[in-house]
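Trainee: These protein sequences, in sequence, are chains A and B. In terms of my numbering, the first sequence opens at residue 1 and continues consecutively. In terms of my numbering, the second sequence opens at residue 1001 and continues consecutively.
Hints are computed from structural coordinates only; laboratory data are not their basis. Backbone N, C-alpha and C fix where the C-beta goes; we use that ideal spot for every residue, glycine too. You may find that some hints are simply not true.
[Stated by the list, open to error] Sample of chain A residues facing chain B (criterion: CB under 7 angstroms; computed from the structure):
#	residue
1	THR67
2	ASN90
3	VAL222
[As the list claims (entries may be wrong)] Sample of chain A residues at the chain B side, in silico, Cβ under 8 angstroms:
#	residue
4	LEU13
5	SER17
6	ASN64
7	PRO92
8	ASP103
9	VAL206
Residue-level listing of the chains:
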Amino acid sequence: MLIALAGITLIWLTQASGLLILIEGESRAAGTALVSDERGPLVQESALSAGLALDRVEVEHWDNGETRSVRGVYTIETDSGQIQVDLVANEPTTVGGVRYIQDSRVGHVYAMRLTREDRTDEQEFFLAEPESLEQPAYLDIPLQTGEVLRLKSVLLDSASGAANLVARVERSGLVVGEQAVVEGEPAAIGELGVELLDTCRWTILVVDSTPGYGLLFGGFGVISLGAALLYLATPREVTITREPEGDVRADWHAVRFGRLYEREETLLRAAAAGGK
Amino acid sequence: MSMSTAMSLLVSAAVAYVGAFVLLLGEVVLKRHWRRATLVLGWVGLVLHGAAIATLWLAVGHGPIITRYENLSSYAWATAVIALITITRRRSLKPLGLFLLPLSFILLGIAAYAGPEVANMPPTFRGVWLVVHVVLYFSAFGAAAVAVSASMFVALPAAVRSMHMAWVPEADELDLVAYRYGGAAFALWGAGMLAGSVWAYSAWGRYWGWDPIETWSLVTWLVLGVYLHLRRFFAWSGRRAAVLLVIAFALVLVSLFGTALVSDSIHSVYFS
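My request is simple: use the sequences and hints to build the entire structure.
Mentor: What follows is the structure, given as structure tokens:
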């Protein structure tokens, strides 16, 4: 119990974890702050202790298009140079004392140029992976004109994981126009010019450098071992002795947890006294 | 073909459980000598039920842990296993089957109503810790079901037991059964939570996230702990301990089946 409590205290004081939202080809230097971080009182800031880059994301799908597995290929800087690491969702990997967990959240990021009259904006839009072939992913972007640009990412086939992007402009709930958007082919939806500049994948990497988990689970292990030893030990002993006169004497003894067997003792005494 | 086979086997198992229950009722209440037939039918139902689970497993390629149908069927199977072992090994506890067998076929009925839809294994649903987590919870549910079946008889007023239910075992014996199985449920539930937290870390990068089901699970575990504590250190026994265990079992049902239906949860994404 003491070991477990020490582990809990250590984790509470030194917890340092958070996540990074990364695009394929993107790198982050050591010291980059993690988002959605959880920090203990002794930790100033949750940050990357080693630089890393996301080389690519590989997503496998089931036949109906649901996500089957997510694998991120990362390059991580270590003391002995750069190493490439394959991180698979649900399989945490420790590099240089830091645990990296590939999140199952993944999707496409679309770099787009939006043009209206003489104004041009270039933005990146993050859409989640479509849930299945029948269930696209959506993202609504409010425009300054009061219109809404709705992007729809449709999975084309489950084998390749390729997705098609459809853009729609709505004004006051009415559809102004809708068009499939293809890279290198500018399109116009109402008064809005839309051009897809680039497409790649994004994903989330969880980074955790909290010490103390080993101590905590070691404590649980010791507690479990102790419980097993207690459970497996014989809790009561009965010694039967034949007296020289021919009488038989039974000695009953609860090795531990005597109070737990009080009722049994009472029943035995009653039986010995001639009860049932 | 496999899906319909699984459903046919499941319905056959439910019929066998109902048959075993009826025979048990005759054996316990009407004092008929139907013990052998009861046990044979009960175990046949269990085998058919196991075959239904295995058939669906082979058809969909993953264990019975994702959809509502799969989960309810698994909980029903765990309950039937522990019920049949209990009433086979201890003749005096056979009245407990009057609660446990109906619980199994009611769970099966709800499972059949939900239907054996096919769900794919999401990326986070793999690894040995997930298997350990669900097996421990299935076992904990079975143990809690035996404990509450004993407690429900203990919770009845003594006058009712003596006048109308003479076939009920001695309250002391049932009380001890409730205590022991309640302790087993507490240990299995706690170990299940621990295994679940290790799996959660692999899947989402955190051991504990105050997800509604996690929170209710913790509350249930603590109430089971309070029950054991009151019995061990404050000498609670008899009716008041039995009533507390019935409340704890209600929490078990809320944790496992209720929360997923009424609130968003990582678990309910797949369970509901």
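Trainee: Compare the structure with each hint and give your call.
Mentor: Verification of the hints:
Among the interface hints, the one on THR67 (chain A) holds; its C-beta lies about 6 angstroms from the nearest C-beta in chain B, closer than the 7 angstroms criterion. At its closest, the beta carbon of ASN90 (chain A) sits 5 angstroms from a beta carbon of chain B; the interface hint therefore holds under the 7 angstroms criterion. The restraint placing VAL222 (chain A) at the interface with chain B is violated, with a minimum CB-CB distance near 13 angstroms, outside the 7 angstroms limit. The restraint placing LEU13 (chain A) at the interface with chain B is violated, with a minimum CB-CB distance near 16 angstroms, outside the 8 angstroms limit.
Because the beta carbon of SER17 (chain A) sits about 7 angstroms from the nearest beta carbon in chain B, less than 8 angstroms, this interface hint is met. This hint holds: ASN64 (chain A) has a C-beta 7 angstroms from the nearest C-beta of chain B, less than the 8 angstroms allowed. The beta carbon of PRO92 (chain A) is positioned within 8 angstroms of a beta carbon in chain B (closest approach about 6 angstroms), and the interface hint is therefore held. Here the hint on ASP103 (chain A) is kept, as its CB sits about 7 angstroms from the closest CB of chain B, short of 8 angstroms.
A cut of 8 angstroms between beta carbons decides the hint on VAL206 (chain A): the least distance to chain B is about 3 angstroms, and the hint holds.
Checked against the numbered hints given earlier, the structure breaks hints 3, 4 and satisfies all the rest.
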